[in-house]
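Heads up: the protein sequence lines correspond to chains A, B and C, in order.
Counting along the first sequence from 1, when you hit position 157 you're at 157 in the numbering used here, and nothing is skipped either side.
Quick note, the numbering used here runs 1000 ahead of the 1-based positions in the second sequence.
Quick note, the numbering used here runs 2000 ahead of the 1-based positions in the third sequence.
In short, the hints are calculated from the structure, not lab data.
Beta carbons: idealized from backbone N, C-alpha and C, even for Gly.
Fair warning: there could be bad hints in the mix.
[What the hints assert, rightly or not] Selected chain A positions facing chain B (in silico; Cβ < 8 angstroms):
hint: 1; residue: ARG35
hint: 2; residue: ALA113
hint: 3; residue: GLY129
hint: 4; residue: LEU171
hint: 5; residue: ILE179
[Unchecked claim] Taking lysine-lysine and the DSBU-like style, the derived pairs with C-alpha atoms no more than 35 angstroms apart in a straight line are:
hint: 6; chain 1: B; residue 1: LYS1213; chain 2: A; residue 2: LYS3
hint: 7; chain 1: B; residue 1: LYS1219; chain 2: A; residue 2: LYS4
hint: 8; chain 1: A; residue 1: LYS103; chain 2: B; residue 2: LYS1164
hint: 9; chain 1: C; residue 1: LYS2069; chain 2: B; residue 2: LYS1123
hint: 10; chain 1: B; residue 1: LYS1127; chain 2: A; residue 2: LYS3
hint: 11; chain 1: A; residue 1: LYS4; chain 2: B; residue 2: LYS1213
hint: 12; chain 1: C; residue 1: LYS2086; chain 2: A; residue 2: LYS4
hint: 13; chain 1: A; residue 1: LYS4; chain 2: B; residue 2: LYS1214
hint: 14; chain 1: C; residue 1: LYS2193; chain 2: A; residue 2: LYS3
hint: 15; chain 1: B; residue 1: LYS1127; chain 2: C; residue 2: LYS2086
hint: 16; chain 1: A; residue 1: LYS6; chain 2: C; residue 2: LYS2205
hint: 17; chain 1: A; residue 1: LYS177; chain 2: B; residue 2: LYS1219
hint: 18; chain 1: C; residue 1: LYS2142; chain 2: B; residue 2: LYS1219
hint: 19; chain 1: B; residue 1: LYS1060; chain 2: C; residue 2: LYS2125
hint: 20; chain 1: B; residue 1: LYS1179; chain 2: A; residue 2: LYS103
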Amino acid sequence: MLKKIKADFNLLAILLIPIGIAVNFVGFQVAQILRLPIFLDTIGTILIGVIAGPWVALVAALITNSITAIFNPVYFPYVVTSMAIGVGAGLLSKYGMLSNVYKTIVSGLVITAIAVVVSSPITVIFFGGATGNTSSAITATFLAMGQNIWGAVFSSAIITEIADKVVSVLLVYFVVKSISDRYLSKMKYGHLYMKKRNTKSKKRITHPNLFT
Amino acid sequence: MNQNPILSLHPLTKFYFAIFITVSVIIVPNYLFAYAWFPVLIVIAAMAKVAKSFISFILKTLIILLAIVFLMQVFFYPGEDVIGSWWIFELTNEGLLQGLSLTSRILAIGSAFILFFRIVEIKDFVKALEDIGMPPTGAYIVLSTLQIIPEMRRQSNTIMEAQKTRGVETEGSLIVRAKAFFPTLTPLILSSIASTEERAITLESRAFSAPGKKTSLHKLTKRPIDRVLPWVYVGIIIGLIIWRVFL
Amino acid sequence: MTAIIQLDNVSYRYPIGDEWILKHVSLEIKKGSFVSIVGNNGSGKTTLCNILRGFIPHFHKGDLEGTIKLGGTDMSEYQLGQLGEKIGFVFQNPFIQISGVKDTVFDEVAYGLENLGVAEEDIYKRVEEVLSLVKIQHLREKNPFELSGGQRQRVALASIIVMDPDILVIDEPSSQLDPIGTEHVFEIIRLMKERGKTIILVEHKMDLVAEYSDELIVLDKGEVLMQGPTREVLESEIFNTANIQYPHVTEVALELQKQGVKLNFLPIRDSEITTCFKNDGGNE
Ligand SMILES: Nc1ncnc2c1ncn2[C@@H]1O[C@H](COP(=O)(O)OP(=O)(O)OP(=O)(O)O)[C@@H](O)[C@H]1O
Ligand SMILES: [Mg+2]
């Protein structure tokens, strides 16, 4: 098992991690600049899960949140959510759940579910249901309507996550489609997304040697 | 060499201090105790000459969160002991206590780590982690990430500028703005990925995966105080546990 | 001189794509010699370098046929890490050719030695020496990310030279350099040769190739058209038909020859321009 995990971390996979993490940050930044109502800050992690597998994505998530902690350590507990998303994306990819747009949307919903189930307890236990962004207002509304804290946090998490995660997974689906076969062929799950399946002819070379 | 008594401490001594505060406020349930850490941290920040950036950081990142957390507990935490009311909401004593207890801990732990990252060089911290057993690959990933993020930020700005000149709208309705997202991010991802093969070859050319022990020119020094302080933390924690359990 | 590298009937194709990029390549590189690989774009020069350095088949998989020997031992018996100590590789793109984790040029150059576990004092000594050899002392404290293409190219060269490999494989070292920088890089490479290193160079600038190389290997669509001493190759009919640029002097001389000017011999270096016309028959 451990050996198998280690094999996932070949040099190319290792070099993909910083890129994925940077994509998480840049995605968030661009979404802010464009004033989009969603975060789009897990695209890199999902991408890594999809092409390099769950374990590499787990490490990428861990480091992403550690680096975020440099700027704001308070939200570090959500590292568990990010890691779960990465692992989830890896497993979905493994079982062919990103092979077409419809399956990809289903994958987006599955990842939403993962994010909600893992982050809600963190929100309740560490922050008493608040998160410091707009979803707190939604949570407060549910609470005022008489829901209990768990119901309110769950409902508000679903509302804020669903668009973010479905869009993120779809984006990753289209990005992976445009990655070159040359690169994909060297990634763990890359063969699932190559345009040209292994159709290589087995013919030998026919050219005679001209000069020896 | 840095002469500042706080800054010159070993990165792990600083890190363990933040952990120590975290553990202490979990052991001691009293919110006054947790709140008391805050002035202590400000004093340490002042000694390290980072008080200004420390406080402005707290104001920017923590205050709003603390206010929301506090109000939510006060108004919605289930309780019987009503001590006041406002519009449709009831203020309960339990809610008030829960609000104080949660916010005091978030403030203590959050500001402990905010201070930690003000007084440590990330490069030194990574080196320290490597010294206690983090694999060199992990160190490579973190350091290279810190170099790549600003690089990719710059590239994304360039791409967005280029898009504007090519007529891709980055202003306007939500749909219009959302449409600009994909063409900004995709080329960035693809070009970065395309470069990894050559980066891998570069690293191999520099003996990245050579077997055997590596040398490091970047060395951290541990002074006697760095050996003593962690044990002081442990001692205090044990003391607190005993006090909690037996008294 | 003994052969340090021998390729016998080597063919290769990348995992993606049906085409054989190298076809029945056989060649020999003598220890201590300066050999240049020339050929048109896409003829497989970089691929050949990757084979010599062991990145094929260690890193790029694909189909590799034939035998490759390094110092008489089959390549497959070396580990990639071991090869790094024997063969240094400076490749085309200088922008990617930095470790990505060091924030000064000094540390960047030292990185390979750190990985090899060289003692600290030796690292300082060797890095200093190489910085002055490559004339980049003034960049010492700069962040490699902030350098120009030409500066990065020198840093990349320095980072490999400092590791002191027996063989240097250099793929277009001057692509980002101005003429003066280029001359300088070639002087460094010559110095390496004088120190007993074997040099394998890919370069499009034929003036420099003719000036510095002992031997040429001519690649055409993945096949070795010819291998031999520089002058012999440039004088040959085969080179003429390969449609590769001649050095400028040679080109001019060939043009003059066509116009009926008689030459003592075909000049390949600028310095030969005077002697090649000095025949008493005289064309005035
Ligand atoms: N990693 C790879 N995977 C698949 N094909 C490749 C790969 N690298 C190179 N090729 C192909 O192999 C052929 C030879 O490329 P190579 O880079 O060796 O040529 P070159 O002589 O170095 O060219 P240039 O003068 O442009 O540098 C090209 O057709 C190229 O597309
Ligand atoms: Mg090339």
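Evaluation of the provided hints:
For A/ARG35, the shortest C-beta to C-beta distance to chain B is roughly 6 angstroms, which falls under 8 angstroms, so the interface hint holds. The criterion of a C-beta within 8 angstroms of any C-beta in chain B is not met by A/ALA113, whose closest approach is roughly 23 angstroms, and the hint is violated. Interface hint status for A/GLY129: upheld, as the beta-carbon distance to the closest one in chain B is roughly 6 angstroms, under 8 angstroms. A cut of 8 angstroms between beta carbons decides the hint on A/LEU171: the least distance to chain B is about 6 angstroms, and the hint holds.
Annotation: interface hint on A/ILE179 holds; nearest CB of chain B at approximately 6 angstroms, less than 8 angstroms. Only pairs whose Cα atoms come within 35 angstroms are accepted, and B/LYS1213 paired with A/LYS3 is accepted, the gap being roughly 21 angstroms. For the hint pairing B/LYS1219 with A/LYS4, the CA-to-CA distance comes to about 34 angstroms; that is within 35 angstroms, so the pair holds. The hinted pair formed by A/LYS103 and B/LYS1164 meets the criterion: a straight-line CA distance of about 34 angstroms does not exceed 35 angstroms.
Simply put, C/LYS2069 and B/LYS1123 have alpha-carbon atoms about 42 angstroms apart, too far for the 35 angstroms limit, and the pair is violated. Distance hint between B/LYS1127 and A/LYS3 is fulfilled; the C-alpha atoms sit about 26 angstroms from each other, no more than 35 angstroms. Of the supplied pair hints, the one linking A/LYS4 and B/LYS1213 holds, its CA atoms being roughly 24 angstroms apart against a limit of 35 angstroms. For the given pair, C/LYS2086 sits about 31 angstroms from A/LYS4 by alpha-carbon distance, which is consistent with the 35 angstroms threshold.
Taking the CA atoms of A/LYS4 and B/LYS1214, the gap is near 25 angstroms; set against the 35 angstroms cutoff, the hint holds. The straight-line distance between the Cα atoms of C/LYS2193 and A/LYS3 is roughly 44 angstroms, outside the 35 angstroms bound, and the hint therefore fails. For the proposed pair B/LYS1127 and C/LYS2086, the alpha carbon gap of about 29 angstroms is at most 35 angstroms, so the pair holds. Note on A/LYS6 and C/LYS2205: the hinted pairing is violated, with a Cα-Cα distance of about 44 angstroms set against a maximum of 35 angstroms.
For the given pair, A/LYS177 sits about 45 angstroms from B/LYS1219 by alpha-carbon distance, which is inconsistent with the 35 angstroms threshold. At roughly 20 angstroms between alpha-carbon atoms, C/LYS2142 and B/LYS1219 fall within 35 angstroms of each other, so this suggested pair holds. At roughly 48 angstroms between alpha-carbon atoms, B/LYS1060 and C/LYS2125 are farther apart than 35 angstroms, so this suggested pair is violated. Between B/LYS1179 and A/LYS103, the direct Cα distance comes to roughly 22 angstroms. Compliance with the 35 angstroms bound is thereby established for this hinted pair.
Of the hints listed earlier, those the structure fails to meet are numbers 2, 9, 14, 16, 17 and 19, in rising order.
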